[in-house]
Amino acid sequence: MSWRFPKYPVKNTQVVDLEDMNENFYGFAEEIGGRLNEHNWSEGAISATTQIAKDAAFVWHQDGEAPTLNSSLAYPDTGDQLITARPTWTKIDDCSLTFTCPDCFLWIHGTVQLTQAGSTAIDGIPTAMGIVWNPAYFVLMQLGIQLDDYVIPETIVGGTELNNDRASGIKQPMFPAGTSLVIPVAAGRHTVTLVARAVGPTVDKGTPGTPATPAINEKSPWGFYASCRELICLEMRR
Amino acid sequence: MAEISYDPIDEQELFTAASLNDRFSAGGNALQTAINSLDTDALAPGTFSEVHLPSLVLFRGGLGQAAVANAYTFGNTPYPGTWATIDSNGEAGSGTALEQSLGATYNLASGQAQGVFVMADLYVGRIWRGTGSFTATDGVAFRIQAYNGSSWQNIGRTHRFVAAAIYSGAAASNDREIDVKVPIRTLIKASDVTGNTVSSIRVQISVVSAGASAATAVSLKACYLTALVLQSTVT
Numbered sequence: 000m001s002w003r004f005p006k007y008p009v010k011n012t013q014v015v016d017l018e019d020m021n022e023n024f025y026g027f028a029e030e031i032g033g034r035l036n037e038h039n040w041s042e043g044a045i046s047a048t049t050q051i052a053k054d055a056a057f058v059w060h061q062d063g064e065a066p067t068l069n070s071s072l073a074y075p076d077t078g079d080q081l082i083t084a085r086p087t088w089t090k091i092d093d094c095s096l097t098f099t100c101p102d103c104f105l106w107i108h109g110t111v112q113l114t115q116a117g118s119t120a121i122d123g124i125p126t127a128m129g130i131v132w133n134p135a136y137f138v139l140m141q142l143g144i145q146l147d148d149y150v151i152p153e154t155i156v157g158g159t160e161l162n163n164d165r166a167s168g169i170k171q172p173m174f175p176a177g178t179s180l181v182i183p184v185a186a187g188r189h190t191v192t193l194v195a196r197a198v199g200p201t202v203d204k205g206t207p208g209t210p211a212t213p214a215i216n217e218k219s220p221w222g223f224y225a226s227c228r229e230l231i232c233l234e235m236r237r
Numbered sequence: 000m001a002e003i004s005y006d007p008i009d010e011q012e013l014f015t016a017a018s019l020n021d022r023f024s025a026g027g028n029a030l031q032t033a034i035n036s037l038d039t040d041a042l043a044p045g046t047f048s049e050v051h052l053p054s055l056v057l058f059r060g061g062l063g064q065a066a067v068a069n070a071y072t073f074g075n076t077p078y079p080g081t082w083a084t085i086d087s088n089g090e091a092g093s094g095t096a097l098e099q100s101l102g103a104t105y106n107l108a109s110g111q112a113q114g115v116f117v118m119a120d121l122y123v124g125r126i127w128r129g130t131g132s133f134t135a136t137d138g139v140a141f142r143i144q145a146y147n148g149s150s151w152q153n154i155g156r157t158h159r160f161v162a163a164a165i166y167s168g169a170a171a172s173n174d175r176e177i178d179v180k181v182p183i184r185t186l187i188k189a190s191d192v193t194g195n196t197v198s199s200i201r202v203q204i205s206v207v208s209a210g211a212s213a214a215t216a217v218s219l220k221a222c223y224l225t226a227l228v229l230q231s232t233v234t
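Protein chains in written order, with numbering that gives the first Met the number 0: chain A, 0 to 237; chain B, 0 to 234.
Treat the hints as calculated values from the structure; they're not laboratory data. Keep in mind that a hint or two might mislead.
For lysine to aspartate or glutamate, the following EDC-like pairs were computed, each having C-alpha atoms within a straight-line distance of at most 16 Å [to be verified]:
{"hint": "1", "chain 1": "A", "residue 1": "K6", "chain 2": "A", "residue 2": "E29"}
{"hint": "2", "chain 1": "B", "residue 1": "K188", "chain 2": "A", "residue 2": "E64"}
{"hint": "3", "chain 1": "A", "residue 1": "K53", "chain 2": "A", "residue 2": "E64"}
{"hint": "4", "chain 1": "A", "residue 1": "K90", "chain 2": "A", "residue 2": "E64"}
{"hint": "5", "chain 1": "B", "residue 1": "K220", "chain 2": "B", "residue 2": "E176"}
{"hint": "6", "chain 1": "A", "residue 1": "K170", "chain 2": "B", "residue 2": "D120"}
Given only the sequences and the hints, what does the whole structure look like? Please build it.
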C-alpha cells in the first residue's frame, strides 16, 4: 500500500452515511496485512538499533582452527593439516560453512598459514616431522574459495588453471595466504569451503646416488601444511 | 500479530468521537494496537531503507602506518615468548601503536553485535642478521589480540609466519628483501574473549631465530588495521 484516498470523503455540507464511512475504512484495514511499503513509514521511523532484530541485515558465519604452536616453525603443529602434493583441491579442515540464506550477497574471507613440509636434513628425505626445509621438496601451493562445490577462479591465490594458463603456485617455505570474494547467491542452502592444492611438478628428478640428492624414489614431496586458519562469510541481507 | 479487523459502525450505534476512537485508538481490537504489533508478513519486501533505519554499521575504523621506522629484533622480541605491539617507530617505541579502539565496549553475547570483523595487512620488508648467517626458519610472527576491558586476549587462529626463505644453509646469506604481504582476517566472537566483551584490537609482532641470534631483525614496510562492527548475529 502506498497512499489510498477514501472512497467517500466526508464534506461539510454532506450528511454522513454510516455505510460510506465503513467502506472508507475497510480498504485500509485489509491492506495493512501484507502490503505496507516504504511510503507508509516516515523518515527515521525507527530510531534505535535495539528496535531491529540483530540478524535483520547481517549474519556472520565463521569457522577456523588454532593449532597448538610449538617453538620450532619447521615442525608441524598439532592441528596442522597436511595437504598432499596432488593437483586436486583439498578441503581445509575446520574451514567449511553450510547455511541457508535468502537472496543476498555473500562477502567471504579465507586466510590461512601455509607451510611447506620439511626434510630430515638439509639434503634429506622429506618427512612430516622434518627439521629443515629443502626447496627441492617444496611444492607450488594454491588457495581458493569453493562455493557449492565450484572453486571460484577469481579467488585462487597462486595462479589459476595450470593447464590453461601455465601459471605457477606459491613456492615459499611459509606463506600467510588470504583470498576474498563478494558474490550474489540465490535463496537456499549453500556451502562455502576454503580449499588448497599443489600444482606443477611434484617429483624432483634429481641425480640419484650423489650425496647431495637422495634416490629418486625418496624424492616425492609430502606437500604442505595448513596451520592457523579462518573462513568468514558475511550474509548481507539488505 | 494482533488481528487487524475493522468493526463496522452499525445503524443502531451512536456515531460519535467515542465510537470512532474505540475502533482506532482504544480497546483491545483497535487498529492502533494492531499496527503497533505488526509482524514481518505485514510488510512488503524491502520496505525499510536507509532513510527509515538507524545505521547498522555500529563502528568502523582503521589506521595505517606507511613505514615502520625501525626494525624489530630477536634480542628484544624473541619468539615465542615475547611479543610487541607494532609501533610506527618500530621497537624503539613512542610512536603510534597499531591498535584500534572500537569506540565502545561491545558485549558479543548479549549486545546488538555478536562479532567484530578485523582486517590486518602487514607488509614485511627485510629479514637479516647483523652478524652470522640465517637459519631456514629465521623470520617473523604476527598475531591479533583483543582487549576485553581488563586484559588482552590472544586470537590463536590469527598467528601468521614468514620465513627468511634462505635454503640449504646458505652460509653467505644474512640479508634478504622478503616483500611479502601478510593478510589476516578474523571475526572475534564472544567465545574468543573472557567476559564476552571487547573494546580494542591490536596487532603484535615477534621475531623468530632458530639459532636464537639476537642479531636477527625484521623490518616492516607498512601496516594497516581495520575493524568493523555490524549489528549482526554469528553462527
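Right, here's what the structure says about each hint:
no.: 1; hint: A/K6 to A/E29; result: holds, 14 Å
no.: 2; hint: B/K188 to A/E64; result: holds, 14 Å
no.: 3; hint: A/K53 to A/E64; result: violated, 26 Å
no.: 4; hint: A/K90 to A/E64; result: holds, 13 Å
no.: 5; hint: B/K220 to B/E176; result: holds, 11 Å
no.: 6; hint: A/K170 to B/D120; result: violated, 20 Å
Checked against the numbered hints above, the structure violates hints 3, 6; every other hint is satisfied.
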